[in-house]
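Participant: Here are the chains, one letter per residue:
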Amino acid sequence: MITLNVNGKSYELDVSPEMPLLWALRDKLNLTGTKYGCGVAQCGACTVHIDGQAARSCSIMVGQAAGKTITTIEGLSGKVAEAVTKAWQRLDVVQCGYCQSGQIMSAITILTGNKKPTDADIDAGMEGNICRCGTYVRIRKAIHEAAKALA
Amino acid sequence: MIPFNFTKASASNPSRREFLIGAAAVAGAFVLGTYIPFAKRAFAQEGGGVPKGIFDPNVFLKIGADNTVTLISKHFEMGQGVTTGLATLVAEELDADWSSMRIEFAPNNAKLYNNLAFGPVMGTGGSTSTPAGWEQMRQVGAAARMMLVSAAAAKWNVPAAEIKVQKGVLSHAKSGKKATFGELAGDAMRVPMPAEVKLKAPKDWKLIGTKVPRLDSVGKTSGKAIFALDIRRPGMLTAVVKHPELFGASIASFDATEAKKIGGVVDVVQIPTGVAVLAKDTWSAIRGRNALKVTWDTSKAETRSTAEIFDEYRTLADEPGLSALKRGDAAAGLKGATKTVATEFTFPYLAHAPMEPLNAVLELRSDGAEMWSGCQLQSLDESTVADILGLKPEQIKINTLLGGGSFGRRGSFSPPGNPVGDWVIELAGIVKAIEGRAPVHMVWTREDDIKGGFYRPMALHKVKAGIDAKGNITGWQHATVCKALIIGTAFEPMFVKNGVDWTAVEGIVDTPYAINNFSVDWHNVKTPVPVLWMRSVGHSHTAFVMETTIDELAHLAGKDPLDFRLGLLAQQPRDAAVLRLAAEKAGWNKPLPTGRGRGLAYHYSFNTRVALVAEVSVNGATVKVNRIVAAVDCGIAVNPDVVEAQIQGAIGFTLSAVFRNQITLNKGVVEQSNFYDYEPTRMREMPKVEVHIVKSVENPSGIGEPGVPPVAPSIGNAIFAATGKRLRSLPMTPDKVL
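For the protein sequence lines, the chains are A and B, in the order given.
First residue of the first sequence? That's 1 in the working numbering, and the numbers climb one at a time after it.
First residue of the second sequence? That's 1 in the working numbering, and the numbers climb one at a time after it.
There may be inaccurate statements among the hints.
Said to hold, decoys possible - Some chain B residues close to chain A (C-beta under 7 Å, calculated; not the full set):
| no. | residue |
| --- | --- |
| 1 | ARG214 |
| 2 | PRO272 |
| 3 | GLU356 |
| 4 | GLY405 |
| 5 | GLU671 |
| 6 | GLN672 |
| 7 | SER673 |
Treat the hints as calculated values from the structure; they're not laboratory data.
From the three backbone atoms N, C-alpha and C, an ideal C-beta is built for every residue, glycine too.
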């Protein structure tokens, strides 16, 4: 049995410690807001927060995540998360929307550590998140807007 | 929620139902007769493809007691914003409150929910949803409004003409009566459908032409939006399939001993296209697949490498092909030229690579089967699944879900029996193999997606074009080589003429440029590598050839590329206006520092006109796209913000195909496998984008695809402006730039 702390709740899981956290979240805990895109930490669709930092859940084993604080898109709360989500909605950033959970998780990490990110900061912080619909213009704008709302 | 007379009432009113089905059938006949690609231009400009007639609101709307108005969307949302756009049309005529609008996807039923541009087929594609729904969805809203007004008039005993409707509330000033849609829905559903409806004059529009918020924004920013990959059914097994490394290979034998030892693996079955591992979760299924041992029969497989395939294309291009267009005398025109170009263009296979890999759930029951899928072509998937499971099409229920991208990939149309069965065929094959013992969720991994075929076809073009001393084009001979997309499929009547697959030559034969002596030939090729339409289809390569060649001819003529194009568009004012707008907004004539260049491209596709001005910096082999200015004429922009998003997105989507994406074969084996070697555009590469929309009173035309075609040529032409080097092969990898 492995104990995972996800979104403030404790779960006992009967899985191999080598199972990627992504599949445990999706297939065992039914937290499907975290997406599978590539399985090799190249696209960021599976981004969650582990102890407050953006992490690719497809490349972290359940055994490594045990005992840590895991937050998925479903468990977001707080001012930064709210500002980011609101900006995303106000600007209608989404197209297909599949990557956007991961985009939002990464954006929150940027704004949690940096109150006024520059374009270069955004490029660096969002480097690991692919949007195949190409919504980058609006993602950038939404992060700037969220920063303003938080100031 | 009280269904607003959804299907029950139409069944209880045979005459109305007959009329509706009749209208759909007429639409089909009419559309198949006239909506051949060669008449595409007429379709948009005259609005000729959309049948007149009143559509039953009961089929398309549910009005709840809570005042929500739910549009039963016949069209699939893959990010293009179509559900928001169609709901806007309904809400406009209904005078609904936008915040009360909701969307549900329609069940698979081509009689009720056919794409009016496709004929008797339910499906989404070809940038047709808004043009085809433009009349119909407004009629639905207008008819429902009249029925609500009639119900209120009867209830309040006042003249209908005195009733006002505003934001979902009906009111009568003199009597002071007021009621919401929800309060009147029950009465309205019993009102006969109006014989005719009057649509609003454009001056009275409140929603059309404005930015209303997308209906899918909240779900997609909270993790709550449900895609096919998120479907969970009781007892469901997850399946992954081991595919051959070579296209056209088949199974000789396999050994599942080790795979079955993996914890969580439940079963291993053979299907026509490979070996499926079924497990209790995705990870176990993937591990099981890794442990499989399969021996393939490669006797009929494609075993050539990319360079060899291009050699075949090159040879073919020099032979006479099927004639797609013969206007004037191209050969004689070329003889009379003072300057000529003779060029070759090459394009690789491309994978669509939607972020949500292909997947779907299928459940067999005693009375039929139910599928959950993000699918573009429900009617075709319905018959595919029915065929494989030995059921009737009406026994297949498809629940359409949001698509995590598609770009054409979820619109697969391999006919049953095709040796290279696609994902839906595979899923049905697995369910058949286990005799429907459990619901099956088949998931393609990213590697399956990149290596799995159904690519944008490889293509090679050869162009000979010439100008006279005044810079007029005297002749243009064009040969295209690429595998047919449509021949052999259900879409033949729409897209094949005189044996020529329209998707191979679109964007060339219908160019708006005045080219008098013009010949276009096409060569089909045989290969087991399966191909499929990808966002903008043939235009994804033809536009690059056309706009690069036009640019070359302009320089050869010593003319400004903008003026040269405008000269060729003297009879096409709408096209010319788009070009002028882009050039003006981009500051076309403003000088740029050394190492930077500006490139222009214009393309007409899906009845929409898009001009782009790209501005690049070139430093050695490194190209940075700094800014792209777009002008677009898509008729009336139902939602200008969605139009802008589609152009921004088309640029982001296409950039990686311009600079690096290619599927290459090494002795038949695909050399790419995931995002590290087939890498989509990333944030840091995204240029500044400005989108300018031409004000128009014309009916809406497509917007999901037309942004794609001019991206590559605008960048290529900008690189030429910066460096003097002409690039004619995609992708523009550093070795080609330097």
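Participant: So, as I understand it, the hint says GLU671(B) touches chain A; can you test that by seeing if any CB pair is closer than 7 Å?
Facilitator: It is violated, given that the least Cβ distance between GLU671(B) and chain A is near 17 Å, above 7 Å.
Participant: Is the shortest C-beta separation between GLU356(B) and chain A less than 7 Å?
Facilitator: holds, 5 Å
Participant: Can the hint on SER673(B) be confirmed by a CB-to-CB distance to chain A that is less than 7 Å?
Facilitator: violated, 9 Å
Participant: Grab the minimum C-beta distance from GLN672(B) to chain A and call the hint holds if it beats 7 Å, violated otherwise.
Facilitator: Result: violated, 12 Å to nearest chain A Cβ.
Participant: Can you verify the interface hint for GLY405(B): is its Cβ closer than 7 Å to any Cβ in chain A?
Facilitator: This hint holds: GLY405(B) lies near chain A, its Cβ roughly 4 Å from the closest one there, short of 7 Å.
Participant: Checking hints one by one. Is PRO272(B) an interface residue toward chain A, by the C-beta closer than 7 Å rule?
Facilitator: violated, 26 Å
Participant: Is the hint on ARG214(B) kept, meaning its closest Cβ partner in chain A is under 7 Å away?
Facilitator: holds, 5 Å
This entry does not satisfy hints 2, 5, 6 and 7, going by the numbered hints stated previously.
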